Amino acid sequence: MTRLALEEVTFWYPATRAPALREVSLEVAAGEIVALVGKVGAGASTLLLVAADLAPRVTGGRLAGAVRRRARSGIVLPTPWTQLSGMAFTVWDEVAFGPANLGWPGHEIARHVDHALERLEIVSLAARDPITLSGGELQRVIVAGLLAMDPDLVLLDEPTAELDPAGARSMWRLLRLLAGEGKAIVVATSELDAVPDVADRVVWLEAGAVRAIGTPQLLAEDAACDDGLGTTVARIWRAAGLAPPYPLTVADAVQRWP
Amino acid sequence: MRALHPFTLLAVAAALPALAWILPAPAGGLATAGIAFCLLGSRGLRRGLWPALVAAAPFWLFLLLLHDVRTTLAIGLRISTMVASFVWLAAVLAPDRLVEATVARGWSITAAYLFAATLSAVPMLRARARRIVEAQRCRGLSPRGSVANRLRALRALALPLVLSALHEVDERTLALEARGLVPGARRTPLAPPPDRVVERVVRWGLLLLCLAALVRRVA
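Chains as they are written, first to last, in our numbering: chain A, 1 to 258; chain B, 259 to 477.
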């Protein structure tokens with residue numbers, strides 16, 4: 001079941017001539033994880049804003065093409081400290097901010113907030129003031145705030161940017177769990193080594209346009225490696241002069257080792 | 259005191275200065291200033307009385323320079339009541355309880371947000387300013403020493419602080435929208451503070467007292 005469909009979407013930010021997205025077409029199904037990869041400025045963040053119905057509705061600008069959403073969406077932006085509500089003085093209240101705005105009954109809010117705190121492993125932070133948290137803790141709080149709203153379409157922009165390696169691994173595991181529950185997930189990430197284990201499909205964006213869509217194996221192709229978008233293992237394999245197809249992960253490499 | 263309903267705290271903090279200006283001077287001002295400083299006294303010398311005394315002192319100085327003793331006393335006591343009431347309110351009013359109270363009372367979410375964001379902006383800006391100062395120190399800027407040094411440090415702090423705050427507005431708008439803070443949203447109060455009958459009576463009583471004093475003063 002398709003949760004999000006973009007058809008030939010072109011988007012211009014206000015007062016700009018060049019579009020930030022150019023004729024992007026993409027469908028995301030329930031239970032699917034789609035990773036957006038590309039260089040900085042490729043359009044991944046803009047695509048997420050369009051998918052979340054924030055561009056052009058809130059950002060301004062102009063959109064051509066069609067966007068169809070068949071689910072309530074939630075988005076996490078790249079910098080956690082700018083996403084604090086400013087209305088909450090404990091982590092629990094911060095996570096409850098979204099559900100409370102949806103007008104849910106109190107017991108429903110409490111259930112979703114407690115579950116989100118458990119999922120992000122931040123129950124111990126519940127009584128802390130959000131402005132006293134570290135970047136990594138804050139990032140988890142913001143993601144918990146998104147999950148507490150129980151969206152069917154989850155949009156994440158660099159969700160592991162502030163996390164340590166263990167925290168990042170937990171986040172990727174959580175995304176797989178969410179997909180298993182039927183949520184559609186679109187994640188923009190520069191952590192390419194995680195993509196093969198997490199994403200079902202990869203969308204390679206370049207200058208606002210889709211350059212390629214495919215399985216994570218895309219990140220082991222010569223073109224992606226040339227553009228700095230290959231996984232570490234694929235790039236090392238290639239640099240060593242070993243024969244393609246390049247392995248994506250260490251496990252692949254061990255299997256293919258001659 | 260912090261357990262009182264936020265509207266009661268607001269009512270007391272508003273009624274004292276109002277009465278200070280309505281009641282005849284200097285007795286009215288003396289009474290209201292006395293009450294305000296007594297309330298402040300419950301917060302202790304350092305967190306309560308001292309900030310109010312420091313804030314009120316310059317007003318007394320200027321009044322003494324400009325007026326005779328009688329006028330100075332009349333206006334000074336009124337201003338001291340205002341200052342003491344505000345400092346007391348800032349010390350006892352928890353922003354989160356105020357937000358919950360306004361939401362529970364059916365105020366629009368945007369009005370509640372305006373209140374809370376204003377109250378929480380100061381600690382957030384302070385935290386960011388501290389980070390900027392640390393970053394500038396790492397790059398060799400010293401906020402100590404001569405006046406010129408301090409001015410240079412102030413500029414190096416103010417510019418990034420203002421620019422980052424402006425940049426933050428864009429992202430925060432998107433984030434708040436995504437989290438359901440839209441005009442007309444019916445927010446669920448998370449933990450509304452209890453509003454006892456006696457407190458409601460006190461609030462109405464304070465309003466009536468101010469009105470009665472005003473009527474008597476005008477008559």
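Since the hints were made in silico from the structure, they are not lab data.
Keep in mind the model is a prediction, meaning the values are calculated, not measured.
In this text, a Cβ means the ideal position worked out from N, Cα and C, and glycines have one as well.
Just to be clear, a hint being listed does not mean it is correct.
[Claimed, not checked] Covered stretches of chain B, as calculated for chain A (at least 3 residues, CB under 8 Å): (1) 318–331; (2) 351–357; (3) 379–393; (4) 457–463.
[Unchecked claim] Which chain B residues stay away from chain A? Per the calculated CB distances, all over 10 Å, these: (5) M259; (6) G306; (7) A374; (8) A375; (9) L448.
Each hint, compared with the structure:
1. 318–331: violated (count 0)
2. 351–357: This one holds; 4 residues, not fewer than the three required, reach chain A with a Cβ under 8 Å.
3. 379–393: holds (count 4)
4. 457–463: Check failed, 0 qualifying residues.
5. M259: Holds, because the least Cβ-Cβ distance between M259 (chain B) and chain A comes to about 18 Å, which exceeds 10 Å.
6. G306: holds, 21 Å
7. A374: It is violated; A374 (chain B) is separated from chain A by about 4 Å at its closest Cβ, not greater than 10 Å.
8. A375: violated, 4 Å
9. L448: About 6 Å separates L448 (chain B) from the closest Cβ of chain A, which leaves it inside 10 Å; violated.
Checked against the numbered hints above, the structure violates hints 1, 4, 7, 8 and 9; every other hint is satisfied.
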